[in-house]
Amino acid sequence: MGRQLTISCFRYNPNIPGDKPRMQDYKLEEHEGMTLFVALNEIREKQDPTLMFDFVCRAAICGSCAMLINGRPRLACKTMTSMLPSRFTVMPLPVFKLIGDLAVDTGTWFRDLQIRAEAWVHTNKKFDFNALEVRMENKTCEEIYDPEQCIECGCCVAACITANIRPDFIGATGINRVYRFLIDPRDERSNAEYYEVIGNEDGTFGCVGLMACDDLCPKDIPLQQNLAYVRRKMAAAGLKLDFKGVKTS
Amino acid sequence: MELAKNLQTTINRSYGKTDLYVDLAQSISGVLLIGFLWMHMLFVATIVVSPDLFNRLSIGLDEYYLAQVGIPATILLIIIHIFLALRRAPVRLRDMRITYRMAKMMNHFDTWIWVGQVVSALFVGVMASIHLWIILGAWPLRAATSAMRVASTGPADHTWGGFAFPFFIVFYVIFLIAGEYHGGFGLYRILVKWGWWDRHTMGWVLKGITVVIVGLGIAALYTFTQIAANLPAGGVIQ
Ligand code: HEM
Ligand code: SF4
Ligand code: SF4
Ligand code: FES
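Chains U and E, in that order, are what the protein sequence lines are.
All residue numbers for the first sequence refer to this note's numbering, where the first residue is 1 and numbers rise by one.
All residue numbers for the second sequence refer to this note's numbering, where the first residue is 250 and numbers rise by one.
Worth double-checking, as some hints may not be accurate.
Said to hold, decoys possible - Going by beta-carbon spacing under 8 angstroms, a handful of chain U positions derived as facing chain E:
1. G71
2. N164
3. V208
4. L210
5. A212
6. D215
7. Q224
8. G238
Since the hints were made in silico from the structure, they are not lab data.
The structure presented is a predicted model; accordingly, all values stated were derived computationally and were not measured.
Heads up, the beta-carbon is just placed ideally off N, CA and C, and yes, glycines get one too.
All chains should be modelled from the sequences, with the hints used to inform the complete structure.
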C-alpha cells in the first residue's frame, strides 16, 4: 500500500463562460516510482477527463510539463511524488497565458523571444551541400552544449520576480540564449550587434540577480555563470560603442 | 505593437547606453556605499580599543578634510543610490502583491533575501537621515559625547514623563542590523550579477563578514554604554 496522496489542483477554463478559478482536491494512491506526470495522467484517466495539463516526452526533454508544484516551478515528469508531502498543490506557471487548468502557452512567449534575441546563427558564409562540415573544437562544442540544453520549459521565467512584474524582460532563458550564440564561433555578429539585441533594461541589464532561475532550472544550466558572462561582455562592448541617434527635440 | 516598440528603440537610439550606465552606476554606488559602511564600522569600533584612539581618528577626520569632503560625498552617493535602486524595487501595489505572493509561494531563499533588502532599504533610508542629522548637529565627534548619546534615554536626553526608554541603543541596534543586512546582501547581489565565483561559497564569506561587522558594532555600542556609566553625572563634554 502506497501513501494516500491529495493533490490540490488549480482549476479554471477561461473558455467556459462563467467558469471561476478554484482549487480542487484529487485523491489517489501513490505507487513505486510515481512521478507527478504519472499521477496527473491517472487522475485524468480514472477520475476527471476534463483536467487540462501538457506533456509530450515525459523525460524532461520537451519542456511542456512545467508547473508550480507546491509553489515552485518544476517539471511534472521530473518530479517524484515521493519527494513531496502527501498533500501538495499544483498550479499553472505564472507569466504565460493560461490555456486552462495547468496548461499554459509558453510557445507564444518563446516565439517572441527567438525573434527579439535573434536566436539563430548569423553568417554570411554560403552553405555548400557537398563540402564536409567545418570541424569544431571539442572544448567549444562542450561549451555550447551547456546553454544549448535549455528546453524552453519556462521555469526560470515563472520563478523570476523581474519577469513577473516586467512583461518585456527577456528572462534568464533569453539571456542564456544570447550567450549560446555569443560563444559560438560560427555566429559572425559583432559585439555591437549583440548589444543592440540585449544591452538594455529588457535584456541583460534588467536582471536583478535574484537567482531563482539558477536554483530552479530543471536542466541545471549554470545560469548565474552564463548571465554574468553576458553582462560583463555587454558592459564592455557597450562602453566602447558610439551611438548616433535621432534628435527628437 | 512589435513595430511600435521597434520604432521607440530606433528613435531613442541616442540613449542606447543609458541602461548600461544606469546599471553600472547602481552597482558602483552599491560597492562604494558598502565600502563606506564597513570602513565606518571599523572606525567606530576603535572605541573598543581605546577612547583615545577614537578621538584621535575623529580629529583626523576634520584635520585632513575627510569629514568635510566625505560626508557630503556620502550623502550624494546615498541619494544617487536610492534614485537608481528604486527602479528595481516593486513600487506599484500590483508589483508588490506579485512579489510577495511569488516569494511566499516559491519560498526561495534568495528571493526572500531580496524582499528583505527592499524592506530594510526603507529602514536604512529613514534611519540614516536621522543619524546624520543628529551627528552633524553635534559635530565634532568625541568619545564622551557619543557615549552620552548612545546611553541617553530619549531624543531630548531626558525621561519622557517618568518613562525612561533607551531610545538610542534600540535605534542603533536596528540601524546596524538593517544597514549590514541591506549592504551585505547588496554586495552579494552585485557579485552574483557580475562575477564568476561560486555564489554559495561567496554567500557564506559575505555572511561571515557581515556577522563580524555586526559583532564589532554591538561591541562598540556596549563600550559606549560602559563609558557613559563611568562618566560623572551629566557627562564631561570635552
Ligand atoms: C548605507 C547605506 C546603503 C548601502 C551600503 C546600500 C547598499 C546597497 C547595495 C550594495 C545594493 C545592491 C545594488 C545592486 O544590486 O546593484 C543595494 C540595493 C538596493 N538598495 Fe541600497 N544601500 C544603502 C542605502 C539604501 C537606501 C537608503 C535605500 C532606499 C531607501 C536603498 C534602496 C535599495 C534598493 C531598493 C535596492 C535593491 C535594488 C536591486 O535589487 O537592484 N539603499 N543597496
Ligand atoms: S533555462 Fe532552464 S528553466 Fe529556463 S527555460 Fe531553459 S531549461 Fe527551462
Ligand atoms: S537572476 Fe533573478 S532577475 Fe535575473 S533572470 Fe534570474 S531570476 Fe530573473
Ligand atoms: S513531459 Fe516533456 S519535459 Fe516533462
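Legend entry - Interface hint for A212(U), Cβ within 8 angstroms of any Cβ on chain E: holds, 5 angstroms
Legend entry - L210(U) as chain E interface residue, shortest Cβ-Cβ below 8 angstroms: holds, 5 angstroms
Legend entry - Interface hint outcome for V208(U) [beta carbon to chain E under 8 angstroms]: holds, 5 angstroms
Inset, instruction - Let me know if the C-beta of N164(U) comes in closer than 8 angstroms to any C-beta of chain E, holds or violated. - result: With Cβ-Cβ at 5 angstroms, under 8 angstroms, it holds.
Legend entry - chain E contact restraint on D215(U) - CB to CB distance below 8 angstroms: holds, 6 angstroms
Legend entry - Closest C-beta approach of Q224(U) to chain E relative to 8 angstroms, hint status: holds, 6 angstroms
Legend entry - Closest C-beta approach of G71(U) to chain E relative to 8 angstroms, hint status: holds, 4 angstroms
Inset, instruction - For the hint on G238(U), just tell me whether its beta-carbon gets within less than 8 angstroms of chain E. - result: This hint holds: G238(U) lies near chain E, its Cβ roughly 4 angstroms from the closest one there, short of 8 angstroms.
Against the hints set out earlier in the document, no violation occurs for any number.
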